[in-house]
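Chemist: Chain residues, written in single-letter form:
There are 2 protein chains.
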Amino acid sequence: MIKEVTLLELVRPDLERVEAKMRGIASGAYAPLAAAFLQLLGSGGKRLRPALALAAYNLFEQPASEKAVAVAAAVEMLHNATLVHDDLIDNALVRRGITTLNAQWNKGATVLAGDYLFARAAGFAAETENVPVVQLFADTLRIIVEGELRQLFSSRQWDQPQEAYYPRIFAKTASLFASATKSGALLAGASEDEVQALYDYGKDLGMAFQIVDDILDYTGEESTLGKPVGGDLRQGIVTLPFFYFLQNSPDRQAVIRALENSNGAGDIGDIINQVRRSDAMRQAAAEAQDFASRARARLSVFPQSEYRQALEDLADFVVSRHV
Amino acid sequence: MIKEVTLLELVRPDLERVEAKMRGIASGAYAPLAAAFLQLLGSGGKRLRPALALAAYNLFEQPASEKAVAVAAAVEMLHNATLVHDDLIDNALVRRGITTLNAQWNKGATVLAGDYLFARAAGFAAETENVPVVQLFADTLRIIVEGELRQLFSSRQWDQPQEAYYPRIFAKTASLFASATKSGALLAGASEDEVQALYDYGKDLGMAFQIVDDILDYTGEESTLGKPVGGDLRQGIVTLPFFYFLQNSPDRQAVIRALENSNGAGDIGDIINQVRRSDAMRQAAAEAQDFASRARARLSVFPQSEYRQALEDLADFVVSRHV
Numbered sequence: 000m001i002k003e004v005t006l007l008e009l010v011r012p013d014l015e016r017v018e019a020k021m022r023g024i025a026s027g028a029y030a031p032l033a034a035a036f037l038q039l040l041g042s043g044g045k046r047l048r049p050a051l052a053l054a055a056y057n058l059f060e061q062p063a064s065e066k067a068v069a070v071a072a073a074v075e076m077l078h079n080a081t082l083v084h085d086d087l088i089d090n091a092l093v094r095r096g097i098t099t100l101n102a103q104w105n106k107g108a109t110v111l112a113g114d115y116l117f118a119r120a121a122g123f124a125a126e127t128e129n130v131p132v133v134q135l136f137a138d139t140l141r142i143i144v145e146g147e148l149r150q151l152f153s154s155r156q157w158d159q160p161q162e163a164y165y166p167r168i169f170a171k172t173a174s175l176f177a178s179a180t181k182s183g184a185l186l187a188g189a190s191e192d193e194v195q196a197l198y199d200y201g202k203d204l205g206m207a208f209q210i211v212d213d214i215l216d217y218t219g220e221e222s223t224l225g226k227p228v229g230g231d232l233r234q235g236i237v238t239l240p241f242f243y244f245l246q247n248s249p250d251r252q253a254v255i256r257a258l259e260n261s262n263g264a265g266d267i268g269d270i271i272n273q274v275r276r277s278d279a280m281r282q283a284a285a286e287a288q289d290f291a292s293r294a295r296a297r298l299s300v301f302p303q304s305e306y307r308q309a310l311e312d313l314a315d316f317v318v319s320r321h322v
Numbered sequence: 000m001i002k003e004v005t006l007l008e009l010v011r012p013d014l015e016r017v018e019a020k021m022r023g024i025a026s027g028a029y030a031p032l033a034a035a036f037l038q039l040l041g042s043g044g045k046r047l048r049p050a051l052a053l054a055a056y057n058l059f060e061q062p063a064s065e066k067a068v069a070v071a072a073a074v075e076m077l078h079n080a081t082l083v084h085d086d087l088i089d090n091a092l093v094r095r096g097i098t099t100l101n102a103q104w105n106k107g108a109t110v111l112a113g114d115y116l117f118a119r120a121a122g123f124a125a126e127t128e129n130v131p132v133v134q135l136f137a138d139t140l141r142i143i144v145e146g147e148l149r150q151l152f153s154s155r156q157w158d159q160p161q162e163a164y165y166p167r168i169f170a171k172t173a174s175l176f177a178s179a180t181k182s183g184a185l186l187a188g189a190s191e192d193e194v195q196a197l198y199d200y201g202k203d204l205g206m207a208f209q210i211v212d213d214i215l216d217y218t219g220e221e222s223t224l225g226k227p228v229g230g231d232l233r234q235g236i237v238t239l240p241f242f243y244f245l246q247n248s249p250d251r252q253a254v255i256r257a258l259e260n261s262n263g264a265g266d267i268g269d270i271i272n273q274v275r276r277s278d279a280m281r282q283a284a285a286e287a288q289d290f291a292s293r294a295r296a297r298l299s300v301f302p303q304s305e306y307r308q309a310l311e312d313l314a315d316f317v318v319s320r321h322v
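Residue numbers (numbering that gives the first Met the number 0), protein chains in the order written: chain S, 0 to 322; chain C, 0 to 322.
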């Protein structure tokens with residue numbers, strides 16, 4: 000039965016090539032840093048982004064070409080580079096439960112380690128020898144960084160409009176998902192419509208993924224999140240559950256005043272608990288579900304195949320993470 | 000008389016297009032940051048790197064094509080990005096006598112501002128639609144960052160071999176000079192030999208330039224340097240004058256012990272003064288002169304023209320900066 004093959008299982012052989020390519024940066028790197036680079040890459044999670052690039056390519060041709068492997072590595076390396084700088088910015092000591100580079104190295108080395116991963120990501124993208132792929136890569140890097148700057152400068156703006164949320168999560172997450180699927184399609188020589196369909200799939204999937212992440216930030220347990228519940232709000236970042244909560248609040252201004260006056264964890268903790276228990280969680284989840292359904296629908300232009308099925312199933316999986 | 004036209008004057012019209020292109024990033028950028036980006040670019044010095052890219056192109060064709068302007072902007076933007084992160088790493092409050100971004104912004108914003116300039120530089124490089132240029136760009140970024148990591152990790156290694164100096168300054172400076180001239184040649188459709196000659200010219204010029212910079216760090220006045228004399232040694236960075244000084248010292252180990260025991264500015268100040276007054280300065284200057292002469296000689300494969308003459312004169316100018 001096709002449905003039982005997950006995307007990550009399907010692309011595993013190609014994903015192993017991506018993994019080997021990424022870990023290869025350590026062999027050419029300045030020796031004292033090789034181990035640190037490997038540790039950074041080793042904590043990279045599920046490799047969802049390169050899997051998306053590979054699966055988009057595999058819709059047209061299997062196994063992945065060397066260039067498809069290169070772009071998948073570029074996408075994941077770029078993701079890791081942004082995580083390194085994010086950790087520095089957040090002063091996060093813990094991400095996914097392991098010690099980050101930031102805690103072990105001084106800040107200067109951490110900035111440079113992130114830059115090094117950016118450089119290697121750019122190198123992998125250039126290996127595709129595909130001008131539109133390289134341009135998309137540079138563009139995505141710009142969008143991600145600009146999004147981070149926006150997030151930094153809009154921190155603690157409790158009263159910002161909900162419309163500001165969507166471009167922010169597009170920049171943060173969906174842009175790279177969309178870039179992954181579009182790059183795979185471009186390298187496979189897909190038609191313009193097919194490229195667009197896979198870009199749209201990646202974008203909608205990424206939006207769903209980030210909304211679910213933002214929900215989990217409220218509902219998750221500290222032990223599984225590896226960070227405090229409500230961490231976003233504590234950092235002054237307002238996400239979809241909060242927007243719905245505020246919208247439903249009888250006295251919106253009272254909530255905003257309470258947040259403006261909060262500087263300790265205590266007051267914020269109260270509001271986080273109120274958001275968690277509110278109907279806002281269900282509303283946000285429904286919106287994630289809408290994005291996931293749109294993502295699935297984008298694939299209808301492709302003939303049925305195990306790759307299409309796995310990509311469709313992935314959309315369901317992404318939103319099922321919150322149960 | 001040809002000799003009186005300087006390189007920067009020759010390429011001025013094209014350089015103004017580069018300037019306009021670079022400043023264009025502010026118009027598309029997140030509004031609160033536009034002014035900060037312009038300030039960063041405004042303090043960018045003489046624009047030597049883009050001038051080199053343009054002049055290399057102009058050897059074959061004038062005026063510069065849009066793509067040559069794009070690569071010149073990419074090179075200068077990359078240079079500015081590395082300066083932003085360097086300032087952060089050095090915790091430098093002053094560079095070229097003006098307040099840096101680092102002093103005004105928090106560190107997180109500074110990391111991201113540097114990333115943003117990297118992203119825009121990558122975008123400009125991609126605009127050339129020239130695969131070898133894009134690959135060279137990614138490679139140069141990697142070399143520069145790796146060099147900075149090496150420098151950071153070899154800090155206060157007073158006893159390191161002189162041979163470690165040359166790859167370090169290649170990475171820091173000469174690689175981008177060489178990348179600028181090579182990119183210009185590639186975009187002008189130069190032959191393989193011509194591309195190589197211009198790469199070698201840029202590399203030798205960059206080596207001369209950095210050695211002179213390292214000399215000026217000892218001989219310059221605080222008021223013109225915009226930073227303390229002997230700043231490199233104070234930061235634990237050993238450069239060519241120091242290597243010659245150590246080589247000439249009757250008791251090499253005594254110097255190294257003195258540096259190892261120094262943690263205040265006082266002891267280091269003594270050694271800086273000894274280096275300044277020693278014959279090491281002349282030896283280092285002679286070596287810079289050798290690199291500059293080699294750079295000039297690389298151009299002999301090109302027919303005489305005002306551009307070739309200006310590039311030759313630039314080599315002389317670079318080493319004349321120390322008088």
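These are calculated hints, taken from the structure and not from any lab test.
Each hint should be verified, as a subset may be incorrect.
No distinction is drawn between identical chains; accordingly, a pair holds when it is met within one copy or between any pair of copies.
Stated by the list, open to error - Okay, derived cross-link-like pairs now, SDA-like style, lysine to any residue, Cα gap no bigger than 25 angstroms in a straight line: (1) Lys106 with Gln156; (2) Lys45 with Ser277; (3) Lys106 with Glu162; (4) Lys106 with Ser261; (5) Lys106 with Leu151; (6) Lys106 with Glu8; (7) Lys106 with Glu259.
Chemist: The structure should be examined with respect to each hint, and the outcome stated for every one.
Modeler: Status of the hints after comparison with the structure:
1. Lys106 with Gln156: between (28 angstroms within a copy, 20 angstroms between copies)
2. Lys45 with Ser277: neither (31 angstroms within a copy, 59 angstroms between copies)
3. Lys106 with Glu162: neither (34 angstroms within a copy, 28 angstroms between copies)
4. Lys106 with Ser261: Cα proximity of lysine 106 and serine 261: across copies only (24 angstroms, versus 29 angstroms in one copy).
5. Lys106 with Leu151: Answer is both: 18 angstroms inside a copy and 11 angstroms across each meet the 25 angstroms cutoff.
6. Lys106 with Glu8: neither (38 angstroms within a copy, 41 angstroms between copies)
7. Lys106 with Glu259: between (30 angstroms within a copy, 24 angstroms between copies)
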